[in-house]
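> The residues making up each chain are set out below.
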Amino acid sequence: MKQPIPKTDMDLLDKIRPADAPDFLLTRIMQRIENSVIEKASPRFLWTIGISFALIIAVNIIAVMNSRQPDTSIAESMKLYPDNNLYNE
Amino acid sequence: MTFEEIYHTNKNTVYNLALQYTQNAEDASEIVQDVFLAVHKSQDNFRGEAQLTTWIYRITINKSLDFLKAKKRMKRFGFMTSLFYEKSGEIKYDQQHFNHPGVQLEDQERIARIFHFINQLPDAQKTALILSKIEHKSQAEIAGIMNLSAKAVESLVQRAKQNLAKKLIPDEG
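Top line first, the protein sequences correspond to chains V and F. To convert, note that position 50 of the first sequence is 50 in our numbering; the numbers rise steadily by one, no gaps. To convert, note that position 168 of the second sequence is 168 in our numbering; the numbers rise steadily by one, no gaps.
Take these hints with a grain of salt, some might be off.
Stated by the list, open to error - Incomplete in silico selection of chain V near chain F, CB under 10 Å:
(1) 9
(2) 10
(3) 12
(4) 14
(5) 18
(6) 19
(7) 21
(8) 24
(9) 25
(10) 26
(11) 29
(12) 57
(13) 61
(14) 79
(15) 83
Hints are computed from structural coordinates only; laboratory data are not their basis. Heads up, the beta-carbon is just placed ideally off N, CA and C, and yes, glycines get one too.
So that you can see chain F by itself, here it is in the shape it has in the complex (with noise of 0.2 Å):
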């Protein structure tokens, strides 16, 4: 398989993943681009598709939440800068911007709140979330690509609703 076949077999995969973790078309593209160097440097690697479709799925994951923590990063080291430099007038990096092309435009102040809510779940919970319920994969899809057993994910899947249904239920009085 040549690395364009990866490529067009695989980019609508990764942009859609990419895009659950950070919301933002952008970043997604950000990240399908970081993937699919990645791809290009260790393809020699792989020979089963599955076994490279389940890598890429892994890749996509850490370059997501590398991306994100990233992000938290700089939008620390932009709220210290304002500390200093109060009216430098410089971007500060607090602004979430959702831009999910995947989302219709009714519905998109609610899918909003609940990825508002999705983000601040653990890394794993999050990822197990992501890929059962927006992702539609198999328990057993999962339990690969999170190099988990299918029972770790079942748990993962259920406290991850578990706890995203407590934030989304509003505080009584």
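Isolated chain V, as found in the complex (with noise of 0.2 Å):
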């Protein structure tokens, strides 16, 4: 069976009382604060690999450029006679 509650009871929030925040959550904050910073690459440190990245890239593209030769046949490259008839040689 229930207890009756008394219309007052609402007024019960009246007596609560502030509280003092705990003296170790400033540490904890700070702490939190450097881990984030140290988990958060550095500028410095994301400029350098974007230009190996982009360093790579170029020389690669260079590379392929380079290589290309001119469309030559192997025979024509060697010097020799592309046909197989000896006969009329």
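Fit the two chains together into the complex; they arrive one by one in their own frames, and the hints show the way.
In structure tokens:
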């Protein structure tokens, strides 16, 4: 069976007193801030990685461009006769 | 204003507001940390102290509500796992532990009961009631924090009080 609740029960909320935040909180917050700074990569590091990738891609493009040879067959490039017919030699 | 000055000025406000939502000292401490991490990230965007204080109130309310939602989700997950692993002995999340350092021991049971009903109110009513009845903020201050008109705040507080009163009055018969 439920106990009757006095109408003034809501007024009990006035009896709640302000509490002080624990002292250790600032240390924990500063620790978490430091950790988040460490986790975040520095802009200098990000620029170095970016420039390195750009250089690798540029070197690869240059290498591919330079490796293109004129369209000559192997026989021509080695100055061989490109025909199998030996009788008309 | 340095971060540490902001912290020392507002730490108790944030802690107490978080306590009114969670009614648990450990949970409130978690929320305080989250709030001040967010403050640290965005403190440069705020010039006036009044603007900063209002924003700190808002972020505390949002973080507290998010925390409670996350806790509810974990509670549901705990229930689901308990269906499958009945004898696992894992910690269940349905233990409502009232640990409010601002409440005297002799009032604890009755105030815990009131908070039980406050927690069932819709978020806006709950926030309006906490700010007005427990934090003793003026209607204009609440309007600023909740980004509502004074009329809307008045109506929210009124509805919250009515709903709470209905729940507090025991069933006849």
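> Work down the list of hints and note, for each, if the structure agrees.
Each hint, compared with the structure:
1. 9: 5 Å, holds
2. 10: 6 Å, holds
3. 12: With a minimum Cβ separation of about 6 Å from chain F (threshold 10 Å), the hint on residue 12(V) holds.
4. 14: Constraint on residue 14(V) satisfied, holds at 8 Å.
5. 18: 5 Å, holds
6. 19: 4 Å, holds
7. 21: With a minimum Cβ separation of about 4 Å from chain F (threshold 10 Å), the hint on residue 21(V) holds.
8. 24: Given a least distance of 8 Å, the restraint on residue 24(V) holds.
9. 25: Holds. Min distance 6 Å.
10. 26: Hint holds; residue 26(V) Cβ to chain F Cβ min 6 Å, cut 10 Å.
11. 29: Holds - the Cβ of residue 29(V) comes within 10 Å of chain F, reaching about 5 Å at its closest.
12. 57: Nearest chain F Cβ about 34 Å off; hint violated.
13. 61: Violated. Min distance 40 Å.
14. 79: 73 Å, violated
15. 83: Violated - the Cβ of residue 83(V) stays beyond 10 Å from chain F, reaching only about 78 Å at its closest.
Checked against the numbered hints above, the structure violates hints 12, 13, 14, 15; every other hint is satisfied.
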